[in-house]
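The two chains are supplied separately, each in an independent frame; assemble them into the complex guided by the hints.
If you read the sequences in order, they're chains A and B.
Per my numbering, the very first residue in the first sequence carries number 1; after that it's consecutive.
Per my numbering, the very first residue in the second sequence carries number 1001; after that it's consecutive.
None of these hints come from the bench; they were simulated from the model.
Heads up, the beta-carbon is just placed ideally off N, CA and C, and yes, glycines get one too.
Each hint should be verified, as a subset may be incorrect.
Keeping only pairs whose Cα atoms sit at most 27 angstroms apart, straight-line, the calculated DSSO-like set for lysine-lysine is [stated by the list, open to error]:
#1 A/132 with B/1029
#2 A/189 with A/132
#3 A/43 with B/1029
#4 A/101 with A/132
Have a look at the derived ranges for each label pair, beta carbon to beta carbon [unchecked claim]:
#5 A/103 with B/1010: 18 to 24 angstroms
#6 A/238 with B/1014: 33 to 39 angstroms
#7 B/1085 with A/240: 29 to 35 angstroms
#8 B/1025 with A/228: 25 to 31 angstroms
Short, incomplete list of chain B residues facing chain A, as computed with Cβ under 8 angstroms [to be verified]:
#9 1001
#10 1013
#11 1015
#12 1024
#13 1028
#14 1030
#15 1035
#16 1038
#17 1064
#18 1077
#19 1083
#20 1098
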Amino acid sequence: MKQSQSFYYDLRRAAFRRGLRDGIPIGLGYLAVSFTLGIAAQKTGIPPLGGALMSFLMHASAGQFAALTVMAAGSGYLEMAFTELVVNLRYVLMSCSLSQKIDNRYSFGHRFLMGHYITDELFGIACACPGKVSPYYYYGAVVVASPGWILGTFAGAAVGNILPPIAVNALNISLYGMFLAAVIPPARKSRVIALLVLLSMLSSLLFSIIPGLKELSSGFQVIILTLLLAGIFAFVAPVREEAPHDD
Amino acid sequence: MTTETVLYMLTGAAVIYLLRALPLTLLRKPIRNRYIRSFLYYVPYATLSVMTFPAVLGATGSVISATAGFAVALLISWFDGNLFRVAAGACFTVLGVEIILQLL
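The following block holds chain B by itself, in its conformation from the complex (with noise of 0.2 angstroms):
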């Protein structure tokens, strides 16, 4: 591996630390801004449903297997919740679909 390969990495890694770890650091005390407050109260929320739907139709080999896993993982986290036991609900059932796609 080059030295300009490394660099490379240490530019874009920089960047990405820089990113992450300034907000962190600097808003150390409590937000007492109500507005503020209540648009980072729901930016994971808003974040992390833009990043699951629709990108997780194509996460596996075939949309039926990923809307099986999607739709299992739903349910899972509707009534149990559990990290675990969500993620292994929704492997298990796109490994079965797909297993069964398979033999079709």
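Same shape as in the complex, but just chain A (with noise of 0.2 angstroms):
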């Protein structure tokens, strides 16, 4: 029926439109962290263009640096392979809790794609969508997060440290606003959730100051922590079995 293809038609703008007000604020953090990675990445060696493919590629802050070091250090593949593995291993935990928040009335195909754009914040915005997340609600925050997130590597690789420090760390909190966006307004909703982010925050501050704990790289604190507390609230505050992502 025409009508009723026009009217996802819509929708489907409709949520790419979201997507790409959401994008915002993400893309414009991006210029800023991905700036000082340009710097880094031109510091080892690689042109703008190289800084960009790579941004491309990966996106993902932690584990290009990472990436760099290894570079850097003419490591080898299988170095390589295995710090990225460590590095980026909580993108499987956000993965898996994606999977299940992906409107499935959309093809499997959109997985494939959207698996290349998972990084901490668009999981974040795509986590705070009231009840399923539309493809095309994250093609929309991709399409200007991303560019933010390769141009500032290009440019950072170029032009180095042009922008006052001043407004690099002014950009750099928007990321951790980006966060917060995320976790406080379903923590004002209910208890459960606002204990879950205190107490995460807690035992962060915690393994950040335990000598043993401190060490790790926050790559594995991240991993250590979320399967810890995840795991004891699913065991402690079980979710209702109807819609448990209509919070």
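Structure representation (structure tokens):
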């Protein structure tokens, strides 16, 4: 039926537009973070276009900084693969979580494309969506966020430190603002989530202080604490059987 | 840029893509197990909170401006929740505080 076809077209367009809107602060934050990444790439001997290519291929801040370290040391491809596995393992958890959140009315093929763009921030806004998330919403955000990441790396490698540090600092915090915008509004509605957020931050603080634990890479800390806290909460406060994503 | 550099990049990118895309494509059907569903429901809140704090305190030039930005982001996300306003509020707070700190 023609009418229902145009209805779904409008739905996709609306989702894409919402994605564009929510992607803007991510793109701006990415510009700042990847700018410093570009400077680091340039120091490793990677030209601006090479830095941009790397950012397009990886879309991972910690992962790319780690990759530069491996390249600078010339440690070999196995070392590269293992380093990236460890640093980016948290994406497995995010991907598992996102797999349950994607609207299954859309084609399966979307998952191969969306997979390339699972970043902390894009995952964050997808989680913040009430109910299921449309691939088109995700693409909308990707279309503004990803160029920010790629162009920032290019600019950082090409022109180095032209932004005053004060502006870089201000842009840096926006990434954390995005994380908070994803977890705080649900925490306001649910005491269980509020407690989880609070405990997560406190235990993360402990992990950054306690000797023996603070030496762990931040990637590992995120994995351990996520498994521990989400594991305990799932046991103590299992979600209702119906519509677990509708909070 | 050498071929070696490109191969390094491709190796890293391949590992990252597999980490991201495998669960997304293998876990296609809704998970029925209540414990696993609850676990996955809580994962984002734990992950994002752990990544935010205390890392946010070192995100700017000084702990003071970072704390101010963090506090403002918390307040706006609690009372308003709009992603853009939270991010912009945090940015301008850090900018303002750092300008004041430089003048002091």
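Hint by hint, here is what the structure shows:
Simply put, residue 132 of chain A and residue 1029 of chain B have alpha-carbon atoms about 14 angstroms apart, close enough for the 27 angstroms limit, and the pair holds. Of the supplied pair hints, the one linking residue 189 of chain A and residue 132 of chain A holds, its CA atoms being roughly 18 angstroms apart against a limit of 27 angstroms. Restraint check: the Cα-Cα separation between residue 43 of chain A and residue 1029 of chain B comes to about 46 angstroms, which exceeds 27 angstroms; the hinted pair is violated. Of the pairs offered as hints, the one joining residue 101 of chain A and residue 132 of chain A holds, with about 5 angstroms between alpha carbons and a cut-off of 27 angstroms not exceeded.
Distance hint check: the CB atoms of residue 103 of chain A and residue 1010 of chain B are about 32 angstroms apart, inconsistent with the given range 18 to 24 angstroms. Take residue 238 of chain A and residue 1014 of chain B: their Cβ atoms lie about 37 angstroms apart, and the range 33 to 39 angstroms holds. Separated by about 31 angstroms at the C-beta atoms, residue 1085 of chain B and residue 240 of chain A satisfy the suggested range of 29 to 35 angstroms. For residue 1025 of chain B and residue 228 of chain A, the Cβ-Cβ distance of about 27 angstroms falls inside the hinted range of 25 to 31 angstroms, so the restraint holds.
With a cut of 8 angstroms, the hint placing residue 1001 of chain B at the interface with chain A holds, because the nearest CB-to-CB distance is about 4 angstroms. At about 4 angstroms, the closest approach between the beta carbon of residue 1013 of chain B and any beta carbon in chain A falls short of 8 angstroms, and the interface hint on this residue holds. Annotation: residue 1015 of chain B was flagged as interfacial toward chain A, and the flag holds, the nearest CB pair being 4 angstroms apart, inside 8 angstroms. With its C-beta approaching chain A no nearer than about 5 angstroms, residue 1024 of chain B sits inside the 8 angstroms limit, and its interface hint holds.
Because the beta carbon of residue 1028 of chain B sits about 7 angstroms from the nearest beta carbon in chain A, less than 8 angstroms, this interface hint is met. Given the 8 angstroms rule on beta carbons, the hint for residue 1030 of chain B holds: about 7 angstroms separates it from the nearest Cβ of chain A. For residue 1035 of chain B, the interface hint holds, the least distance from its beta-carbon to any beta-carbon of chain A being 5 angstroms, beneath 8 angstroms. Checking residue 1038 of chain B against chain A: minimum C-beta separation of about 4 angstroms stays under 8 angstroms; hint holds.
Checking residue 1064 of chain B against chain A: minimum C-beta separation of about 11 angstroms lies over 8 angstroms; hint violated. Restraint check, residue 1077 of chain B versus chain A: the minimum CB separation of about 4 angstroms is within 8 angstroms; hint holds. The closest approach between the C-beta of residue 1083 of chain B and any C-beta of chain A is roughly 4 angstroms, which is under the 8 angstroms cut-off, so the hint is satisfied. Below 8 angstroms, beta-carbon pairs count as interface contacts, and residue 1098 of chain B has one with chain A at about 5 angstroms; its hint therefore holds.
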